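Protein chains in written order, with our numbering: chain A, 236 to 481; chain B, 17 to 451.
Hint data in this document are derived by calculation from the structure and do not stem from the laboratory. All figures in this text were calculated on a predicted structure; none of them were measured in a lab. Heads up, a few of these hints could be off.
Said to hold, decoys possible - Quick partial rundown of chain A residues pointing at chain B, CB under 8 Å, derived from the structure:
no., residue
1, ARG272
2, ARG283
3, ASP287
4, HIS291
5, ASP294
6, PRO422
7, ASP438
8, ASP443
Claimed, not checked - Below, a list of computed lysine-lysine pairs in the PhoX-like style, where the Cα atoms sit at most 25 Å apart:
no., chain 1, residue 1, chain 2, residue 2
9, A, LYS281, B, LYS76
10, A, LYS446, A, LYS281
11, B, LYS203, B, LYS237
12, A, LYS281, A, LYS237
13, A, LYS237, A, LYS446
14, B, LYS76, A, LYS428
Positions of the beta carbon are idealized from the N, C-alpha and C atoms, including for glycine.
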Amino acid sequence: MKRILIIGATSAIAAACARRWSACAARFFLVARSAERLQQIADDLKVRGAADVACHLLDLNRLDDHAAMLDACMGSMGGIDVALVAHGTLSDQDRCQADAMLAAHEFSTNATSVIAVTTAIAERMRAAGSGTIAVISSVAGDRGRASNYVYGAAKAAVSTFCEGMTARLQARGIHVLTIKPGFVSTPMTENMKLPRILTATPDRVARDIVKAVEHRAHVLYTPWFWRPIMWVVRMVPGFVLRRLSR
Amino acid sequence: MGWGRFPRIAQTAHAVHWRAQLPAVLRGLADRFGTTLPYGAGRSYGDSCLAASDHVIDMKDVDRFIDADWERGLITAEAGATLEQVLSVCIPRGWFLPVAPGTQHVTLGGALANDVHGKNHHVRGTFGCHVTRFGLVRSDRGEIPCSKVENAEWYHATIGGLGLTGIIAWVQLQLMPVRSSLMRVQKTRFGSVDDFFALSAELDATHEYAVAWIDCLAHGKSLGRGVYSVANHAAEGPLTVASRDRRLRVPFVPPIGVVNAVSLRAFNSLYYRRVGQARVDTTVGYEPFLFPLDRIQRWNQLYGARGFQQFQCALPEQHARDAARELLHAIAAGRRGSFLAVMKRCGTVASPGLMSFPMPGVTLALDFPQHAELARSLFPRLDRIVAEAGGRLYPAKDAHMSGENFRLGYPRWQQLEAMRDRTLNSRFWQRVTAT
Chain A
236 MKRILIIGAT SAIAAACARR WSACAARFFL VARSAERLQQ IADDLKVRGA
286 ADVACHLLDL NRLDDHAAML DACMGSMGGI DVALVAHGTL SDQDRCQADA
336 MLAAHEFSTN ATSVIAVTTA IAERMRAAGS GTIAVISSVA GDRGRASNYV
386 YGAAKAAVST FCEGMTARLQ ARGIHVLTIK PGFVSTPMTE NMKLPRILTA
436 TPDRVARDIV KAVEHRAHVL YTPWFWRPIM WVVRMVPGFV LRRLSR
Chain B
17 MGWGRFPRIA QTAHAVHWRA QLPAVLRGLA DRFGTTLPYG AGRSYGDSCL
67 AASDHVIDMK DVDRFIDADW ERGLITAEAG ATLEQVLSVC IPRGWFLPVA
117 PGTQHVTLGG ALANDVHGKN HHVRGTFGCH VTRFGLVRSD RGEIPCSKVE
167 NAEWYHATIG GLGLTGIIAW VQLQLMPVRS SLMRVQKTRF GSVDDFFALS
217 AELDATHEYA VAWIDCLAHG KSLGRGVYSV ANHAAEGPLT VASRDRRLRV
267 PFVPPIGVVN AVSLRAFNSL YYRRVGQARV DTTVGYEPFL FPLDRIQRWN
317 QLYGARGFQQ FQCALPEQHA RDAARELLHA IAAGRRGSFL AVMKRCGTVA
367 SPGLMSFPMP GVTLALDFPQ HAELARSLFP RLDRIVAEAG GRLYPAKDAH
417 MSGENFRLGY PRWQQLEAMR DRTLNSRFWQ RVTAT
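With the rest of the complex left out, here is chain A (with noise of 0.2 Å):
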């Protein structure tokens, strides 16, 4: 029986990630901000055959709570076998431009917010000698773009973090696995216009998390098509990119 910790589990991609995994009732430890949409997750989970399902509030940006967090889950599920750090933000980029203090917040949510807890979640990981830690980042860290560089720069922090502390734990037996989804369809994109054929469902990305977290994978460009995708963004030189990017 897995035991699995989402963070921000009231995010589409994790809820759905949720669903495939509750079929194989595993017991989860949930957490997010909001009780009543948490409570709704964990209603879901448990008639779709989770095991137990364990509920706590808290705002990831609220770094001194994480240890109380992490304790409340051990005690609650003895162990983390699969940790997936899902929460974050869609920043808007020109609201982030004109306000300092905004843009610094929003690196706050989705880099040093998740650097912090995948820290904690590493250190506990590292004394049961196993687990698996999956984070969410996006294809939008790879390249530094006019449109999105807040949002972009915080997720390239997070891929690179991903990428060093895979390195690391590899050799004592802990596994982690950086997720770059491109366009997916959910409430945090709802207000941008996004390419329809390029576009997945939040139950797409989740098959391929599901089975890359089996596969004990280190990147998954989610749906596929975006590692080849981003390997030739990755290969445009700058001064192209910067007059493709508005």
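Assemble chain B onto chain A, guided by the hints.
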């Protein structure tokens, strides 16, 4: 557009993700566009799922389970959950949908709003007969629980109420116990409408499911020939959920439909001859029997860019035989054959719904590739036969019926109009209630 891809009227979807957002979204859309309409899986064929304002509330993400009592077989889920999702959690625990329409890709809300029926109507009645309770979000009073004992008038009006009485937020359903997910199926060839009724009289009483496929291109002596299928859940066997992976998909819309007179004639003859003279018994999974077309994703695109229309009528018992024969005769004479012609005996289990479609007798459903001639000549002829027999057409499948025909078939429509939430209206409702 609806599942029939006709009529084509572009709709703007406004997504809802949490059921607590429903009252605010309803109010917001009503303020901006006057009226709106909840939209589920888009499996209604015609315009009953299209908003009068062309702005719909997309319920797809409001699809969480809320509670399950596996002792009693009571399941509660948000309205956007599909029947496929319900089956996937209840089959492993030995429960099954008490009523399943021809596809599992419909939402609970849609199944309730259209009071759908299935191949076991003669035993279990409609979907609404098994809905014990649901939550209805009204623009004037917020969410109200509805059942036979709470807000009963809203309970009756909402079952088959075409989504107009308020937004169905969640549904509680009484499931049916099964010992296996397998079906014991028996197929029998028959040669005429009279033989259909004879088989129905012989087999329906001892089978949970009964349905007939009709070769509606056959005329003359073979008029009304077809294949009668009956089934029961197997008494023992595995409880497995059908896999989602082995499905085909129609990848694009061909400019000209591939369903035409030549392909139809070939298919119908083959299908009829494949079932030999003798009765054939087989054991199959529930999916190929209950949801054969779910194997092919987006099969509606096979009809090409023009789309198709379905004609489904219910005929009362006393005139069913003659009217069915007359309908088949008119269709065969019209030479606009139908790929999916299905006839089924309906039973006497009464629906709690005010506007339920089935009636004791027979229901006949036919798909026609869209063509201007349908509205010009064939449909008026068929409509007349149905009206004269005292039957009615199915709003969930309809894109053509006249207001006059509708009001004749559903004499209680004014009660629904009186209870309609003033912020909800559909293209269908506008069409059939205009005088």
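Okay, the hints, checked on the actual structure:
1. Nearest Cβ of chain B to the Cβ of A:ARG272: about 6 Å, under the 8 Å cut. The hint holds.
2. Because the smallest distance between the Cβ of A:ARG283 and any Cβ of chain B comes to about 6 Å, under 8 Å, the interface hint for this residue holds.
3. For the restraint placing A:ASP287 at the interface with chain B, the shortest Cβ-Cβ distance is roughly 15 Å, beyond the 8 Å limit, so the hint is violated.
4. For A:HIS291, the shortest C-beta to C-beta distance to chain B is roughly 19 Å, which exceeds 8 Å, and the interface hint is violated.
5. For A:ASP294, the shortest C-beta to C-beta distance to chain B is roughly 19 Å, which exceeds 8 Å, and the interface hint is violated.
6. Contact between A:PRO422 and chain B, as hinted, is supported at the beta carbon level, the nearest pair being about 5 Å apart and thus within 8 Å.
7. Evaluation of the A:ASP438 hint against chain B yields a violated restraint, the C-beta minimum of about 10 Å exceeding 8 Å.
8. Given hint, A:ASP443 at the interface with chain B, is violated; its Cβ is 15 Å from that chain's nearest Cβ, farther than 8 Å.
9. With a C-alpha separation of about 20 Å, the suggested pairing of A:LYS281 with B:LYS76 holds against the 25 Å cut-off.
10. Taking the CA atoms of A:LYS446 and A:LYS281, the gap is near 22 Å; set against the 25 Å cutoff, the hint holds.
11. Distance restraint check for B:LYS203 and B:LYS237: the Cα-Cα separation of roughly 22 Å lies within the 25 Å cut-off, and the hinted pair is therefore satisfied.
12. With a CA separation close to 15 Å, the supplied pair A:LYS281 and A:LYS237 stays within the 25 Å bound.
13. Using a Cα cut-off of 25 Å, the hinted pair A:LYS237 and A:LYS446 holds, with the two alpha carbons roughly 14 Å apart.
14. Taken as a hint, the B:LYS76 and A:LYS428 pair is honoured in the structure, with Cα atoms around 19 Å apart against an allowance of 25 Å.
When held up to the earlier numbered hints, the structure conflicts with 3, 4, 5, 7 and 8 and fits the remainder.
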